[in-house]
Amino acid sequence: AARVLHGLGAEVTVVNDGDDARARAQADELAALGVTVRLGDGDTLPAGTELVVTAPGWRPDKPLIAAAAAAGVEVYGDVELAWRLRGPDAAPWLAVTGTNGKTTTVRILACILEAAGLRTAAVGNIGVSLLDVVMGDEPHDVLAVELSSYQLHWSTSLRAHSAAVLNLAPDHLDWHGSMEAYAADKGRFYEGNVVACVYNVADPATEHL
47 AARVLHGLGA EVTVVNDGDD ARARAQADEL AALGVTVRLG DGDTLPAGTE
97 LVVTAPGWRP DKPLIAAAAA AGVEVYGDVE LAWRLRGPDA APWLAVTGTN
147 GKTTTVRILA CILEAAGLRT AAVGNIGVSL LDVVMGDEPH DVLAVELSSY
197 QLHWSTSLRA HSAAVLNLAP DHLDWHGSME AYAADKGRFY EGNVVACVYN
247 VADPATEHL
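The numbering used here numbers the first residue of the sequence shown as 47 and each following residue consecutively.
Hints in this document: simulated from the structure, not taken from any laboratory.
Since this is a predicted model, take the numbers as computed values, not measurements.
A hint or two may mislead.
No farther apart than 25 Å at their CA atoms in a straight line, the calculated lysine to aspartate or glutamate pairs in the DMTMM-like style are these [unchecked claim]: (1) K108 with E120; (2) K108 with E96; (3) K108 with D135; (4) K108 with E57; (5) K108 with D183; (6) K108 with D66; (7) K108 with D63; (8) K108 with D65; (9) K108 with D87.
All chains should be built: construct the whole structure from the sequences, respecting the hints.
This is the structure:
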């Protein structure tokens, strides 16, 4: 996200709670591009910030996130950033979430699409950055997208071609605060889908969403 925004001409400050060898190596890489990096302090909102792109795992009650919300600064994740930066002729997203089985299902979905002769990629929470795919030069007909509840929480305008929620069980409740909040973030998946909302008949909670 930092590289992409910097490449688009934004003035970027990266903040990181950590200050270990890995964090310093990443900081050196970004600093070489001209990105400002602040290590060991992920709680203070940099002065003049107009947009926060958060790591998915950062909770909404983190001081920096809360300060941004109080100041009226938009906060979203890398998935939301990728969605907003995609071009007018961008490949549609077939999206999958669920407490269990997301990665396996997305890999199967990508295989089905490839067997149908479509140019595709398995992306998102599966390990391939959506930003790299959306901003890259390789053409795609459709994307098989795995998204976690964290990523969904920070994706407010995502409107997939179709989306499937595989199952719903208590998970990450320390992050979401309650089962209801966790389910609500999963349910956001179905908002504004262009073609289909796919649920699991063996899991009534997914139909309820």
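Checked hints:
1. K108 with E120: holds (15 Å)
2. K108 with E96: Within the cut-off at roughly 18 Å; holds.
3. K108 with D135: Violated: K108 and D135 sit about 36 Å apart, past 25 Å.
4. K108 with E57: holds (23 Å)
5. K108 with D183: violated (36 Å)
6. K108 with D66: At roughly 21 Å apart (the allowed maximum being 25 Å), D66 and K108 satisfy the hint.
7. K108 with D63: Given that 25 Å is the threshold and the Cα spacing comes to 11 Å, the pair holds.
8. K108 with D65: holds (18 Å)
9. K108 with D87: holds (12 Å)
Violation of the numbered hints given earlier is confined to hints 3 and 5; the remaining hints are satisfied by the structure.
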